[in-house]
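Chemist: So the protein sequences, as listed, match chains U and P.
Using full-length UniProt numbering, the first residue of the first sequence is number 1, and each one after it goes up by one.
Using full-length UniProt numbering, the first residue of the second sequence is number 1, and each one after it goes up by one.
Mixed in with the good hints, there may be bad ones.
[To be verified] Computed cross-link-like contacts, EDC-like style, restricted to lysine to aspartate or glutamate with a CA-CA straight-line distance of at most 20 Å:
1. U/Lys362 with P/Glu49
2. U/Lys322 with U/Glu252
3. U/Lys123 with U/Asp277
4. P/Lys361 with U/Glu253
5. P/Lys361 with U/Asp214
6. P/Lys361 with U/Asp277
7. U/Lys285 with P/Glu49
8. U/Lys202 with U/Glu223
9. P/Lys297 with U/Asp214
10. P/Lys297 with U/Asp213
11. U/Lys147 with U/Glu108
12. U/Lys285 with P/Glu48
What the hints contain is simulated information worked out from the structure, not anything from laboratory work.
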Amino acid sequence: MSDNKKWYSLDLGLNNRKESSGSCGCGKSKGSCNSGQKKEEELSADEFYEAAINASIGEERHRDGFEQVFDVKMDRRSAFKKLTASLLIGAGAITTSCSVTAGSDTKEKAQIDWEEQFKGNYKLMTDEEKQATINRLMRSYELRTNKNINMTAENAAEDVLFGYAFNISKCQGYMNCVSACVEENNQDRNSEMQYIRIHEMKDGEGFKFDKADDNYYHEVPAEGHFYMGTQCFHCDNPPCVEVCPVQATWKEEDGLVVIDYDWCVGCRYCMAACPYDGRRFNWSKPEVPENEVNKNQHYLGNRMRKKGVMEKCTFCVQRTRKGKNPACVEACPTGARIFGNLLDPNSTIRWVLENKKVFRLKEDLGTEPKFWYFMD
Amino acid sequence: MGAFKVFRSLVVDSLDTITKGSKKYHLWMGFLTLVMLIGMYCYSIQLEEGLSATGMSDRVSWGLYISNFTFLVGVAAAAVMLVMPTYVLKDIDFKQAVLIGEGLAVAALIMCLAFVVADMGGPSVLWHMIPGIGVFNFPNSMLTWDVIVLNGYLFINISIPFYILFKHYQNKESKKSVYVPGAILSVFWAVGIHLVTAFLYQGLQARPFWNNALLGPRFLASAFAAGPALIILVLAVIRSFTAFKIEDKTIKKIAMIVTVAAQINLIMLVSELFKEFYAPTHHSESAYYLFFGLHGKNALLPWIWTAIPLNVLATVILTFNKFRNNLKVLYFCCFMLFVAIWIEKGFGLIVPGFIPGPYGKIVEYLPTGVEIGVTIGIWAMGAFIFTILAKTAIGIELGELRYKGKKA
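Please take these sequences and the hints and turn them into a complete structure.
Modeler: Rendered as structure tokens:
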């Protein structure tokens, strides 16, 4: 039973919530539908995680921002070390903020830049600290462009686990999802960054990704072809999260795999670890024309990124946490894309999982994507 | 404290030594400085434009920097092949070579760190990685393991030679009880740095080319061939340019190490090739790309088909005592081996890991001028640091540099 399990499997909480019956909705045979023992194992894994966090970052997890950096007991040597590091980086900010000739706006800007440079990891922030950083970011945007943006730091809701299903029979390759995604998520226009790739495959050859064209420019649907979209699958056991040296990427409570753009150091290890080509890097400074910027933003989602950091699909966290569908789902003219709460037994996504023959890509890697494919 | 006074005098004396030398020495250092400046200029372009100044892309996201990093970890680890016989097995022959080897390890490690920093998208937020003030994802991320082992190894390789030289500088004998435990630790540590670096790649289920149990052992074998090969070349240069005496016996013994390691490396290569090509699967595509090209894309062919013949040829020649004991032939073979492994462990390992991509897409990678400039600059920096370290060490060992304070 669970004891024999040699690999990780996704627990949708189906066992706890479903009215139970012979038919299991999770569409897998890997044993995650075992009850009882499973739960115990889960608990101990949590405990282990807790202990590991305590061991590595200890009390810092409860404090963040300035506190994490400055409000720590330290000996003289480490104090000097930290001071030197801070001075090097902050010297520019100090000169500006202390300058008598600079205007108050410039000073405020310098103050914000300074605080932003030395804030902690978003994952470990308290709600107040999250609010403080988004306030700073909104103010900073206002100071720079004289325009206002609306940014939230909404946390995951309880009893929500987002999942996605893709109907291969319906997709016609129109790519409305791709352009909607780019507009919604403020992706760099110069490099034409796209989170979604639509693969055009030949009928009768099956899923031959290596022979598929994911960059076509012709009228669709093309004769004798079918289409299949990929993006970040928000794995339940994401390899990208494990490898990040600074925990700048993690899985949220509602299953979204997100990145703190300000904490990322740009080593691109996560990119090498992702088996699904789900991650993108800002090779140069991302630019979006001012009139095209989507001003409804989330800290973990579509806020403006900077040069040298990772980014990826967040299932449009800024929309989905407000109860809306991701932009790609809304834009799809064929209804091939289905999104919803896996823990809600009445959701469409659950209906698909329970009534369609669903499958996922590269399941043998044990990543447990929360992104299923199915056909009519 | 007296020790501090001695240290100050040592710094002053070594500054004096490294700024004086023959015309050739000055030319060499001037040349390295020029190359470093060019490298810094290239890096400033990269900082300004972002990593788009390099040839890397979303499809091939690691390139020349990480390739060189991987190779240099091996060079650093190789110092241990000299440490072990000298300090632990008490084989006196190596004593002269070992200080040079450790100096080389220090230079290689500093280059490693420089390559990693050059590859970072946000070098200004690197403090996020410092345990205590940042968040250190230990033990989950192999990269954090690598940070620990590399810095630890750097510390060991600075402190052991420093202790010995510091004692010799004062005309004292270094105490075995002090440095032998450190030396033994560094033996294990050296294996550690290379295995951990291999695990960095080996642990990724997303990249079948790397996700291979032989990767770690093969890293070790190739490192213990390429590293000592470089040490032999360096010793040869030092022998001909300074009064520092290195016996033929020492070089021949290191040559033996190089030979055995190269032979083991070749066996593992054969094993790898057999697995990839006897019954090729979907997972063999990267190897196919590397050796034969895929769908007309074959940018790596010239590289790998330079590396493999050089590797085989050098190993075969070294295997025969008669050739190996001829120093001219030996130096040539070491050079061939060094180049071959640099290609194989660098370009030939990192780039094909990304090709074909997760969905079979083939996008090729070629480094840009900026990238090459930064890379050569970092190599020049390594050579510069090594020259300084070696010149001081040789000065002390030859007795030219001595503490002139009151006699103890």
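Chemist: Which numbered conditions among the earlier hints are violated in the structure presented, ordered from lowest to highest?
Modeler: 1, 3, 4
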